[in-house]
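Construct the complete structure from the given sequences, taking the supplied hints into account.
Number of protein chains: 2
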Amino acid sequence: MKKNAFFTPIATAILLVAAGVALAQEPVEPISPVKEVNLGKVELGKKLYFDPRLSKSGFISCNSCHNLSMGGTDNLKTSIGHKWQQGPINSPTVLNSSLNVAQFWDGRAADLKAQAGGPIANPGEMAFTHTLAVDMLETIPEYVIEFKLVFGKALIDIDQVTDAIAEFEKTLVTPNSRFDHWLLGETDAITAEELGGYQLFKLSGCIACHNGSSLGGTSFQKMGIVEPYQTANTAQGLIAVTGKDADRFKFKVPTLRNVALTYPYFHDGEAATLSHAVDIMGRLQLGKQFTPQENAQIVAFLKTLTGDQPLFDLPMLPPSTDKTPKPTPFD
Amino acid sequence: MKKNAFFTPIATAILLVAAGVALAQEPVEPISPVKEVNLGKVELGKKLYFDPRLSKSGFISCNSCHNLSMGGTDNLKTSIGHKWQQGPINSPTVLNSSLNVAQFWDGRAADLKAQAGGPIANPGEMAFTHTLAVDMLETIPEYVIEFKLVFGKALIDIDQVTDAIAEFEKTLVTPNSRFDHWLLGETDAITAEELGGYQLFKLSGCIACHNGSSLGGTSFQKMGIVEPYQTANTAQGLIAVTGKDADRFKFKVPTLRNVALTYPYFHDGEAATLSHAVDIMGRLQLGKQFTPQENAQIVAFLKTLTGDQPLFDLPMLPPSTDKTPKPTPFD
Chain A
8 MKKNAFFTPI ATAILLVAAG VALAQEPVEP ISPVKEVNLG KVELGKKLYF
58 DPRLSKSGFI SCNSCHNLSM GGTDNLKTSI GHKWQQGPIN SPTVLNSSLN
108 VAQFWDGRAA DLKAQAGGPI ANPGEMAFTH TLAVDMLETI PEYVIEFKLV
158 FGKALIDIDQ VTDAIAEFEK TLVTPNSRFD HWLLGETDAI TAEELGGYQL
208 FKLSGCIACH NGSSLGGTSF QKMGIVEPYQ TANTAQGLIA VTGKDADRFK
258 FKVPTLRNVA LTYPYFHDGE AATLSHAVDI MGRLQLGKQF TPQENAQIVA
308 FLKTLTGDQP LFDLPMLPPS TDKTPKPTPF D
Chain B
8 MKKNAFFTPI ATAILLVAAG VALAQEPVEP ISPVKEVNLG KVELGKKLYF
58 DPRLSKSGFI SCNSCHNLSM GGTDNLKTSI GHKWQQGPIN SPTVLNSSLN
108 VAQFWDGRAA DLKAQAGGPI ANPGEMAFTH TLAVDMLETI PEYVIEFKLV
158 FGKALIDIDQ VTDAIAEFEK TLVTPNSRFD HWLLGETDAI TAEELGGYQL
208 FKLSGCIACH NGSSLGGTSF QKMGIVEPYQ TANTAQGLIA VTGKDADRFK
258 FKVPTLRNVA LTYPYFHDGE AATLSHAVDI MGRLQLGKQF TPQENAQIVA
308 FLKTLTGDQP LFDLPMLPPS TDKTPKPTPF D
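Heads up: the sequence lines are chains A and B, in that order.
By our numbering, the letter at position 304 of the first sequence is numbered 311, and the numbering carries on one by one without gaps.
By our numbering, the letter at position 293 of the second sequence is numbered 300, and the numbering carries on one by one without gaps.
Heads up, some of the hints might be wrong.
You can't tell identical chains apart in this list, so a pair holds if it fits in one copy or across any two.
Keeping only pairs whose Cα atoms sit at most 20 Å apart, straight-line, the calculated DMTMM-like set for lysine to aspartate or glutamate is [claimed, not checked]:
1) K90 <-> D338
2) K155 <-> D170
3) K177 <-> D320
4) K310 <-> D329
5) K330 <-> E277
6) K54 <-> D320
7) K209 <-> E36
8) K229 <-> D286
9) K160 <-> E50
10) K333 <-> E277
11) K310 <-> E149
12) K229 <-> E277
Treat the hints as calculated values from the structure; they're not laboratory data.
This one's a predicted model, so the numbers in the text were calculated from it and none came from an experiment.
And the structure:
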């Protein structure tokens, strides 16, 4: 009875406060559920995200390469674009992308809204134009009404399109991972092996770049600090945006949230497995050769970062009308 | 009061019986909700239906060409296959396909199970093989467990894969259209214009082929009876299955359920609009030139055939493992 008496409500409260202090000291914070969102934009943006009519072919939607059944990625080294063009870079996950400091591997879009317009008009991706996309939407009465309802304007424009898609993407956060349970004080939410992996992750220096609620996404770092990274991929990273030579091969540090779902890894997609990715990161970025046991521990930790995947009904797209321009996949 | 007295419960019952008799006399029956289904197979089949890893590229799933956000079709003249190959024929809707007498435009698959294996192994579609598909699934523990749970066998085989997909497809019926409400006695469920269209549809002879609960799907008919159909498409129809010269250009009569969503029309996808399709059908199959008013009436009727679209959560696919063979989209 005396032993149990320790677990009084007051003692429990003290324990929780202690856990809170511990939490505050961790360099990783839990993913928060979305706190403020415009549901009208979200529902409209969800339809647009799944609508292949935003592509020239009528075949490729945002969800083609950022597939929400597959961790918000296509699980390919580099993506497939219009007419099966091979994309230049690995599709980053859309999950938790609202938490990124900027969008794309080279950060060339300041936010999700700026990003959303890119692939639509990229000749190697959806190969459409903003004008054609808006013209198409204007021929579909259900879209016209929904845009009016949500934005209150007479005409649809590309700003509204990307704004709605970005608002939907804001909802694609993945709270509730086992690691977040641990961060919030549920000490048995992860195993000793996984906790060991987290400690190693911190001690080895991975945490220097992969920190914050996304374990990444907040800075640009050179790929290949200690040793140069060997790749046939021609992407140059941040230099494309800043023009500064010092930014060559600097890429946005990818989030490690849901990393067990977002294979293959790196901007070139050349690391097929987590184990391989951890090994390369250790050697090239930190000058560390992890032992097989250390590697396995870190991988075990990384697998605790899979959160609740966004769950929603497959959206139904409003049908085209006789006036809607036809897709031209083979022109 | 006397007038209202007519609508007593007994009188209403008599009216409903009368409606029942009328219903029995119509050559179209309402779509029934699914009556018997194996939910384990359905949930497994739903994942497989959305899983692009059943294709060589890792990019094309059943849902790519039979998109359940878009009436179970791709809304393209002919489909896009592996490496952007142009398909030979229009993708028929998967909606209500369980009610078809056979599958594919030429009926070469006896049922949905036989159909499901086709595209996976077709070099112009998903370009995989049944063996590679099964080998891939065997490397994913969550699939292995789910197949065991559902089928109770030690190993996955292609029969289980197609069986599960077919069971999911059995759920893709679309009851509850406005026309079905009318068939079931809700007399104001369709307008006078729409009812006029239905009467014209029957009187003109459309109903000879487009009858039953699917308004089609139950017979093979020659495309171009009164006048030959002109097309650049090389599909020959039923002759490919029977070898009989009389079956040249005979195609399965498509369902008209959800036809407002399943544009473009005909086996070659050459009719972009319902109005155009009705005009051609009238002239080539029935020797009738519908007036613009008649055409509009029939089109109005056809638009009452859109039923409840299947509503379900976007499925989450179990992740690949280090052992899972990698997709090879560009080989």
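We went through each hint and held it up to the structure:
1. K90 <-> D338: both (10 Å within a copy, 15 Å between copies)
2. K155 <-> D170: within (14 Å within a copy, 45 Å between copies)
3. K177 <-> D320: Classified as both: same-chain Cα gap 17 Å, cross-chain 19 Å, threshold 20 Å.
4. K310 <-> D329: The answer is between: 13 Å across copies meets 20 Å, while 49 Å in one copy does not.
5. K330 <-> E277: For K330 and E277, only the inter-copy Cα distance (16 Å) is at most 20 Å; the intra-copy one is 45 Å.
6. K54 <-> D320: For K54 and D320, the Cα distance is within 20 Å both inside one copy (11 Å) and across copies (14 Å).
7. K209 <-> E36: Answer is within; shortest intra-copy Cα gap is 14 Å, inter-copy 66 Å.
8. K229 <-> D286: within (17 Å within a copy, 63 Å between copies)
9. K160 <-> E50: Within one copy only: 17 Å inside, 42 Å across.
10. K333 <-> E277: Answer is between; shortest inter-copy Cα gap is 11 Å, intra-copy 37 Å.
11. K310 <-> E149: between (42 Å within a copy, 15 Å between copies)
12. K229 <-> E277: within (17 Å within a copy, 53 Å between copies)
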